[in-house]
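Residue numbers (the working numbering), protein chains in the order written: chain A, 1 to 207; chain B, 1 to 239.
Take these hints with a grain of salt, some might be off.
Unchecked claim - Here are the in silico distance ranges between beta carbons for each label pair:
1) B:K7 x A:G64: 23 to 31 Å
2) A:P141 x B:E215: 27 to 35 Å
3) B:K150 x A:N48: 48 to 56 Å
4) A:E12 x B:V184: 24 to 32 Å
5) B:V184 x A:E97: 16 to 24 Å
6) A:G64 x B:V51: 19 to 27 Å
7) A:S170 x B:E155: 32 to 40 Å
8) B:D147 x A:D65: 44 to 52 Å
9) A:S170 x B:K47: 20 to 28 Å
10) A:I174 x B:D147: 45 to 53 Å
11) B:A236 x A:E97: 20 to 28 Å
12) A:A98 x B:E134: 32 to 40 Å
13) B:S24 x A:Y47: 39 to 47 Å
Hint data in this document are derived by calculation from the structure and do not stem from the laboratory. Note that the structure is predicted; figures quoted are calculated from it, not measured. Virtual Cβ for every residue (Gly too), placed ideally from N, Cα, C.
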Amino acid sequence: MTHTLHRRGTEESLRDDFVVFAIAAQSVNAKGIAPKFEEFYKIVRKYNPTNTGDMKKGNLFVLGDEAVGTGMLDNSIVHAVFNDEETVASVLKELKEADLGLSIVVSGIIHSIDQCCKKNGMKMHTVERSLGIWGKKEVLPSEPVLEISTMCGHGMIPFNLIESLVEDISANRISTTEAATTIARQCHCGIVNVPRVERILNVMASK
Amino acid sequence: MEINKEKCIGCGLCVNYCPMKCISMKEGLSFIEQDECVECGVCKNSKICPVDAIYEPDLDEKRNLRKTFSNPLVSHSSTSVPGRGTEEMKTNDVTARFKMGFTGIAAELGRPGTGTRFWDVQKVAQACAKNEVEFEPLNPVTAIMVDRKKGLLEERFLNEKVLSAIVEFIVPDEKVKDVLKDLVEVSKEINTVFSLDICGVVDDSGRPYFEKAVEELGLTYSVNGKVNVGLGRPLAEVR
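Using the sequences and the hints, build the whole thing.
Given below as structure tokens:
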């Protein structure tokens with residue numbers, strides 16, 4: 001499950017798109033670790049994430065902040081989305097000091113994450129890269145649709161929903177913010193970067 | 001998923017809430033093409049239907065298989081992990097699943113947003129198996145393999161369609177290039193797409209081994225990726 005990995009876009013488009021999440025190893029340290037997820041959530045929410053979610057419960061736009069941050073389980077996977085490298089560095093600093101014992105993973109531009117680690121006297125432990133999409137690529141939609149859809153690694157944002165929302169924005173039936181929120185609600189984990197979605201939708205709707 | 005025809009009012013709102021584009025309007029009512037439906041639950045979970053006409057019927061073994069691979073709210077029985085995959089590198093700081101000298105590779109068929117039949121999953125698994133890879137034991141695809149040395153899946157599932165399925169394995173660093181070359185070839189033979197990822201422990205140079213292998217083959221990796229920052233405890237030995 002590489003749910004935050006294959007986000008598409010140029011370096012410019014991805015520069016303000018980071019996901020920080022916590023997970024426990026079911027075979028090693030998961031038993032009784034649920035309260036640590038709540039501590040994790042208390043830390044990340046101090047830094048005003050643009051989206052949050054627990055894979056076992058749902059996301060900020062469906063459940064609201066309090067429900068996301070409570071009732072964690074030992075096999076929760078808790079996410080927070082941020083828009084800049086500086087904030088991610090601050091979040092990592094506090095997570096390091098908290099020493100929760102949870103595995104912490106950051107998705108974003110690798111060079112930026114490396115810098116965040118170095119600022120805090122940390123080293124990247126394991127790195128995962130996307131080698132892109134292979135195979136029958138002619139079945140895929142336009143790149144902007146992919147940039148939005150791949151923000152949910154579980155494929156819960158249908159291509160045709162995005163295209164339909166762009167038509168609605170162009171026809172002034174809904175606002176870009178409403179469309180972006182509709183899209184964010186689809187992603188159970190809460191890893192859709194809403195400001196980035198709005199930016200891409202605006203470009204699509206203006207064409 | 002199915003539509004309750006007694007409840008459906010034919011508004012068509014659900015049509016755009018199917019990643020497989022298998023909901024259409026037929027005789028004024030919504031209709032789900034069952035052979036294309038992957039049981040992902042997006043239509044129902046979106047709560048877009050104003051009269052709650054979308055429902056999940058009792059699922060037999062094959063439809064349940066579709067659901068397990070398509071609906072991320074389901075934790076697979078072999079992994080306890082919600083979603084259709086595994087912990088892979090996300091917990092590598094405490095599991096040491098990927099040690100120095102080994103590389104993890106995963107081909108997620110059907111992603112993004114196209115879906116896959118298991119016969120294409122098998123083609124990719126067979127191509128990888130030629131290189132004596134070690135398929136991830138706690139992966140739902142591995143769980144339906146009948147021959148891990150050949151990458152063969154249970155025949156009765158081959159025509160089933162799912163939103164995505166991940167062929168995931170570990171390979172010694174020296175075999176990474178051979179595997180990638182075989183993936184290039186098999187990618188020309190499938191009727192869908194796959195998203196490919198590769199992972200490894202960062203060595204003393206500050207980079208994982210695989211980056212060099214990928215560059216030497218003339219392939220490209222994205223600027224973004226995923227990093228386990230090593231805060232999990234107890235820390236496992238990866239060297």
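Now for the hints, and whether the structure bears them out:
In this structure the hint that K7 of chain B and G64 of chain A lie 23 to 31 Å apart at CB holds, the actual value being about 29 Å. In this structure, P141 of chain A and E215 of chain B meet the distance hint of 27 to 35 Å, their C-beta atoms being roughly 30 Å apart. Remark: the range hint 48 to 56 Å for K150 of chain B to N48 of chain A is upheld by a beta-carbon distance near 52 Å. For the pair E12 of chain A and V184 of chain B, the beta carbons lie near 29 Å from each other, so the given range of 24 to 32 Å is met.
Between V184 of chain B and E97 of chain A the beta carbon distance is about 45 Å. The supplied range of 16 to 24 Å is therefore violated. Look at G64 of chain A against V51 of chain B: about 26 Å separates their beta carbons, and that is inside 19 to 27 Å. Look at S170 of chain A against E155 of chain B: about 48 Å separates their beta carbons, and that is not inside 32 to 40 Å. Evaluation of the 44 to 52 Å hint for D147 of chain B and D65 of chain A yields a pass: the beta carbon distance comes to about 49 Å.
Take S170 of chain A and K47 of chain B: their Cβ atoms lie about 25 Å apart, and the range 20 to 28 Å holds. For I174 of chain A and D147 of chain B, the hinted distance range of 45 to 53 Å is satisfied, since their beta carbons lie about 52 Å from each other. Judged by the Cβ atoms, the range 20 to 28 Å given for A236 of chain B and E97 of chain A holds: they are separated by roughly 22 Å. At about 35 Å, the beta-carbon gap between A98 of chain A and E134 of chain B stays in the expected band of 32 to 40 Å.
Range check, S24 of chain B to Y47 of chain A: Cβ separation about 44 Å, and the 39 to 47 Å hint holds.
Hints 5 and 7, counting from the list given before, are not met by this structure.
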